[in-house]
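Visitor: Sequence lines, in order, name chains A and B.
Quick note on numbering: the first sequence equals residues 1 to 146 in this note's numbering.
Quick note on numbering: the second sequence equals residues 1 to 391 in this note's numbering.
The hints are simulated quantities; they were obtained by calculation from the structure and are not laboratory data.
Since the model is a prediction, treat every value here as computed from it, not as a measurement.
Heads up, a few of these hints could be off.
Said to hold, decoys possible - For each label pair, taking beta carbons as the anchor points, the in silico distance ranges come out as:
(1) B:89 / A:30: 32 to 42 Å
(2) A:79 / B:19: 22 to 32 Å
(3) A:4 / B:117: 46 to 56 Å
(4) A:14 / B:195: 39 to 49 Å
What the hints assert, rightly or not - The following residues of chain A were derived to be distant from chain B, with all beta-carbon distances above 10 Å:
(5) 6
(6) 11
(7) 39
(8) 40
(9) 43
(10) 68
(11) 70
(12) 101
(13) 102
(14) 109
(15) 110
(16) 127
(17) 129
(18) 140
Claimed, not checked - Here chain A is said to cover these stretches of chain B; the calculated rule only asks that three of the stretch's residues, wherever they fall, bring their Cβ under 8 Å from a Cβ of chain A:
(19) 17-23
(20) 43-54
(21) 186-199
Positions of the beta carbon are idealized from the N, C-alpha and C atoms, including for glycine.
Spelled out, the chains give:
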Amino acid sequence: MSEVRRNPTLPTAKPPVTPDTEEFWKAAAEGTFLGRRCGACGEAIWYPRPICPFCHSTDTRWEEFTGRGVVYSHSVVRRAGGDWKGVTPYVLAYVELEEGPRLMTNIVDCDVERVAIGDAVEVVFDDTGHGSALPRFRPVSTSKED
Amino acid sequence: MNANDAAVIIGAYEHPGRELPDKSLAQIHAEVALGAVADAGLTLDDVDGFFCGHDAPGYGGGWVTMAEYMGLRNLTYMDSTESGGASPIYHVSHAAAAIAAGKCSVALITLAGKPRTGVQPGGGGPARPEDAFEMAMFTGAGLVSTYALAAQRHMYEFGTTSEQLAEIKVAASIHASHNPNAFLQKVMTVEDVVSSPLVADPLHRADCCVVTDGGGAVVVVSREVARTLNRQPVRIMGQGEAGKLTNGGRVDLTYTPAVWSGPRAFQQAGVSVQDVDYVSVYDSFTITVLEILEDLGFCEKGQGGRFVMDGALVAPHGRLPFNTDGGGLANNHPAHRGGITKIIEAVRQLRGEANPGVQVPDCEIALVHGNGGDLGTRMRAATMILGRESA
């Protein structure tokens, strides 16, 4: 179980829920990070969908992902519009999950100037207030085990 | 035999459902696609042409979204012609024309909707399945910042620098200074570019294209019509197109679909990179140009930073004169879409009608490359080789 934050620091819009993703959003609201895996070829699939984009099998199922990964790329956004205008600078990133997929997300709870490719990160959920939560990532503190 | 006889309908499938509350719109498209290819005795891996209207979730024409969703990885031809309920009847004929032209050999045409149990079609089109996971509203991703992610990764993997990216803007600004209509008239230096404000690290304001009103148009005619007109014709020697998707989450931001569209265009034209005298390369941002030049084979992957230095792109005498109108970076990027201006400047170069200071001597063969979407993902690209009659 990962933390679900009730007072996100970034805009946290309510995502459109479809039959493809209803389970994902429900689990996210409870702090569980679900991904999809293909029963035929074994690949982890992102974003979640019922058909495997690798082998076209419809034998796919939900799996709890670890929520850990590393930063694949990042950008400190210094100019933005709409709801995001007031929260600059913030970090847009792709995170590579332990399961393989790379997903677009934000790095939060960090010094925005110090985020780097390869940094270890973990998922944290930002509650939308509508029975769903957005997966974001924060640096894994390496001093924890000291 | 007419051109439509080049192709036949070999598979067909109608979804058995009439009320499908438990299926997403994208899933219904995928299920009819699977049904139709199965009926034909094929698989989705055999499909190299994909056609859909605006009933498909996507970017005002859903082929890229649905290709990602279904894992259509072998596409060489895509068509999102939208004509309401008549769309698939356009698509069948367009598919036959594409097959006759050798652009694809297995075309898939889908139509799906769920007005009983979902959102009504129309308006801006149906929501895209990837939206909640990748798009602006949920991550604050913008046009600049998604390209910035690619630039950051390119720098990390290959040591590309901001100064090297700046060389691309400098070359564009030199060209624009010869163009009285260009939005930017001042020649910029590398220092000017890297000292402009960061918009989304590592991209500066001057790494971005200009925002301009305006537009452009071209006319394509038959040889018969051309012979009746007193105007120098430009040959359409070859064209290739491709998409690069999120690939089930295996995103790689360091290359673009130009790695596929380029070879397709060169093959059809029967020429190679060494034969190209001038390039119109899509330049929404400096990094866009750098990755595309690498992907088209003008230099090795990762060497783009070195390739663009020392005035390599500056007309008329650089190694590879590019965007001699000033391009999107300094001249014009109407509707945030640089495709038409890229074609127009290539036509000018081939006719010898570019601005005198940037006209490439004996310009015989020009390459035009455009793209849409983000850099390296959700990206659509097309490469075209144009030539003089003598080419």
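Visitor: Is the coverage entry for the region 17-23 of chain B by chain A consistent with the three-residue Cβ rule at 8 Å?
Guide: holds (count 3)
Visitor: With a C-beta cutoff of 8 Å, work out whether three or more residues of the region 186-199 of chain B approach chain A closely enough for the coverage to hold.
Guide: Answer holds; 3 residues pass the 8 Å Cβ test.
Visitor: If we take the beta carbon of residue 110 of chain A, is the closest beta carbon in chain B still more than 10 Å away?
Guide: holds, 14 Å
Visitor: Does the no-contact call for residue 6 of chain A survive, Cβ to all of chain B over 10 Å?
Guide: About 18 Å separates residue 6 of chain A from the closest Cβ of chain B, which puts it past 10 Å; holds.
Visitor: Would you say residue 127 of chain A is clear of chain B, with no C-beta pair closer than or equal to 10 Å?
Guide: holds, 13 Å
Visitor: Just want to verify: residue 68 of chain A was marked as not at the interface with chain B; is every Cβ pair farther apart than 10 Å?
Guide: Given a closest Cβ separation of 15 Å, the condition holds.
Visitor: Using Cβ atoms and 10 Å as the threshold, tell me whether residue 43 of chain A really stays out of contact range of chain B.
Guide: For residue 43 of chain A, whose nearest Cβ neighbour in chain B is about 7 Å away, the distance does not exceed 10 Å, so it is violated.
Visitor: Please check whether the beta-carbon of residue 101 of chain A is more than 10 Å away from every beta-carbon in chain B.
Guide: violated, 3 Å
Visitor: Minimum Cβ separation between residue 39 of chain A and chain B greater than 10 Å?
Guide: holds, 15 Å
Visitor: Evaluate the given range 22 to 32 Å for the C-beta pair formed by residue 79 of chain A and residue 19 of chain B.
Guide: With a Cβ separation near 46 Å, residue 79 of chain A and residue 19 of chain B fall outside 22 to 32 Å, so the hint is violated.
Visitor: Measuring Cβ to Cβ, find out whether residue 109 of chain A lies farther than 10 Å from everything in chain B.
Guide: holds, 16 Å
Visitor: Over 10 Å to the closest beta carbon of chain B is the bar; see if residue 102 of chain A clears it.
Guide: violated, 4 Å
Violation of the numbered hints given earlier is confined to hints 1, 2, 3, 6, 9, 12, 13; the remaining hints are satisfied by the structure.
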